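Undergrad: Each chain, letter by letter, is given below.
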Amino acid sequence: MAAVDPKICIDAPDLLTAKERARDTLMTAGMWGAYLYLWVPLISLAAWLLGFQFAYDVMVRTGGARDLVHVLKMFGVSIALIFLVVTVWSYSNRARYRGNNRRHAGPAVPDESLAEYFGVEGCVLAALRTMRRVEIDFALDGRPQFFALGARPERAIAREERCADADEQQAV
Amino acid sequence: MTLDRIVNALFDFTFYYPLMMSYVWVTGAVYYFFYREHADHRRPDEPLPLASEPPVSFLVPCHNEGANVGETIRSLLDQDYPSFEVIAINDASTDDTGSRLDALLEREPRLRVIHFPRNQGKAMGLRMGAVAARNEILICLDGDALLDKYATRWLVRHFVDGARVGAVTGNPRVRNRTTLLGKIQVGEFSSIIGLIKRAQRIYGRIFTVSGVVAAFRKSALHDVGYWNTDMVTEDIDVSWRLQLKHWDIRYEPNALCFILMPETFKGLWRQRLRWAQGGVEVFRRYWRQLLQWRSRRMWVVGLELIVSTFWAYTIGAVFVLWALGLVMPMPAPFVVPTILPGWTGVILGGTCLIQFAISLAIDSRYEPALGRYYYWMIWYPMIYWMIHSAATIVSVPRALAKKRGQRAVWVSPDRGVRPGVGA
Chain D
43 MAAVDPKICI DAPDLLTAKE RARDTLMTAG MWGAYLYLWV PLISLAAWLL
93 GFQFAYDVMV RTGGARDLVH VLKMFGVSIA LIFLVVTVWS YSNRARYRGN
143 NRRHAGPAVP DESLAEYFGV EGCVLAALRT MRRVEIDFAL DGRPQFFALG
193 ARPERAIARE ERCADADEQQ AV
Chain X
-1 MTLDRIVNAL FDFTFYYPLM MSYVWVTGAV YYFFYREHAD HRRPDEPLPL
49 ASEPPVSFLV PCHNEGANVG ETIRSLLDQD YPSFEVIAIN DASTDDTGSR
99 LDALLEREPR LRVIHFPRNQ GKAMGLRMGA VAARNEILIC LDGDALLDKY
149 ATRWLVRHFV DGARVGAVTG NPRVRNRTTL LGKIQVGEFS SIIGLIKRAQ
199 RIYGRIFTVS GVVAAFRKSA LHDVGYWNTD MVTEDIDVSW RLQLKHWDIR
249 YEPNALCFIL MPETFKGLWR QRLRWAQGGV EVFRRYWRQL LQWRSRRMWV
299 VGLELIVSTF WAYTIGAVFV LWALGLVMPM PAPFVVPTIL PGWTGVILGG
349 TCLIQFAISL AIDSRYEPAL GRYYYWMIWY PMIYWMIHSA ATIVSVPRAL
399 AKKRGQRAVW VSPDRGVRPG VGA
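Read top to bottom, the protein sequences are chains D and X. For the first sequence, the numbering used here gives the first residue as 43, with consecutive numbering after it. For the second sequence, the numbering used here gives the first residue as -1, with consecutive numbering after it.
Calculated directly from the structure, the hints in this document are not laboratory data. Hints may be right or wrong, so weigh each one.
Interface residues of chain X toward chain D, partial, derived using beta-carbon atoms under 10 Å [to be verified]:
hint, residue
1, 113
2, 129
3, 131
4, 178
5, 218
6, 258
7, 298
8, 343
9, 377
All figures in this text were calculated on a predicted structure; none of them were measured in a lab. Ideal Cβ positions, reconstructed from N, Cα and C, are used throughout, including at glycine.
Start from the sequences and build out the full structure, keeping to the hints where you can.
TA: What follows is the structure, given as structure tokens:
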């Protein structure tokens, strides 16, 4: 069963013109052709096996076969080394760090630290946590200035009012 | 002659580096697949029950997402998770994003909305979202992405299991596949991004979380100072700072997220330029910390960035020398007779095809019909290596010339070809 719901993906060929679709398909076919060009030495090898003169020139006279052996040796060794290094590194990482938690779960960030870090008053932070619609602008120094609003702008509660209420409650 | 040897070594490096990296990624990804994915037969829609289900806050920064944000919010409200809130941050959108979000507020009690009257950038949106969030776990999602119904469980699992986990990145899947560029990127996200994330996870540190879908522990973010507002890629920046402070970042391939990618060359180029510049910016800012012995687990990631940046310049130089050689005689050490390197070309072509096949085989666990994109993936070397190297060449001077503190603000990206979508 598909993990991805196909309806989520947008594959709408009808949004493209027939010309655009043909262009994309042909260009990609051309790219595959270019790829085959990369494989000319391999095709030459196959042709050599079939006895063609051109292939003989490429593989024998100009040293193509010698180059192939050299490249295969070099790549073989390199790929084996990469495999070895990545695998050993992965195993050692796993052995070293798996289940080794030196860090303990810390407490959540205290509101005081958060308010201090962002340069806001505690009452504003409390308002931010409760109000469902908030407008925030920023002073020239980048400090946020909050304008707490209600669910609708006409029910706006000014920041000063919110903090004054909090100050009053604190005083009581 | 010494010059000859240096030039030859550079030519060899130009051709062998992408090949070697392919095998590094393939080896790492195959190891990851057998170690973590193959043994676990659960599908993405079958997450294990969690030991605890801490409440989470979704942060959705949006800029001109009127056509998408309704769908995005609905995908979050539809999560198979007991306790969460959704905070949308409307960053001075000039379209109807703000009014759509306000309309959704009336209907959705778990939604809260923050409006910025002036464009502040994604990082500032996330910072203010973190201030407003009531919960310790923050899941950040772009305003045009759709989160799979079970993704939250897969992401949260890591925070419940590991105290040192500071962030978890999900598995972005490309939604728009109508055009050639869309189809190529479907393949690219499997053959490159998925493969690299798996390999990096195996060798210890990852280069970056995917900014489009990533979950964070708020105390870890507080520890490193949240998202920086002056980095062009806030996701790469925060990933490096978390890992330099020894917070672990995990990759969770089951946490699927469906994203819209550019479907024009201009859009793709702008995106890749931003990504390339972001990498150079973080290296420029943190290289001193990176060199410290206590940061040694990040060395592989840093080395990969430096070598790939160097490679971009060497491949650029090879093309320039080859082109010059077509129109004028070149000194012997600088002659590039052909850019198609004989047997190395055979191996290059073969390696790419093997890499495509392996990546599609691994990712077909999440998208069974993925094999049909094999035909289109033939463009991958062109798209990845060529555009990547061109973008790197352009972005390095830009990153080096950029002044610290210069705010990165939103630029509306290209969303690709799609039928109209309403909230």
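Undergrad: Work down the list of hints and note, for each, if the structure agrees.
TA: Against the structure, the hints come out as follows:
Annotation: interface hint on residue 113(X) holds; nearest CB of chain D at approximately 5 Å, less than 10 Å. Interface hint status for residue 129(X): upheld, as the beta-carbon distance to the closest one in chain D is roughly 5 Å, under 10 Å. Interface hint status for residue 131(X): upheld, as the beta-carbon distance to the closest one in chain D is roughly 8 Å, under 10 Å. The beta carbon of residue 178(X) comes within 4 Å of a beta carbon in chain D, closer than 10 Å, and the hint placing it at the interface holds.
For residue 218(X), the suggested interface contact is upheld, since its CB lies about 9 Å from the closest CB of chain D, less than 10 Å. The interface hint given for residue 258(X) holds, since its Cβ lies 8 Å from the closest Cβ of chain D, which is under the 10 Å cut-off. The beta carbon of residue 298(X) comes within 8 Å of a beta carbon in chain D, closer than 10 Å, and the hint placing it at the interface holds. Checking residue 343(X) against chain D by beta carbon gives a least distance of about 4 Å; that is within 10 Å, so the hint holds.
Because the beta carbon of residue 377(X) sits about 6 Å from the nearest beta carbon in chain D, less than 10 Å, this interface hint is met.
The structure meets every hint from the earlier list without exception.
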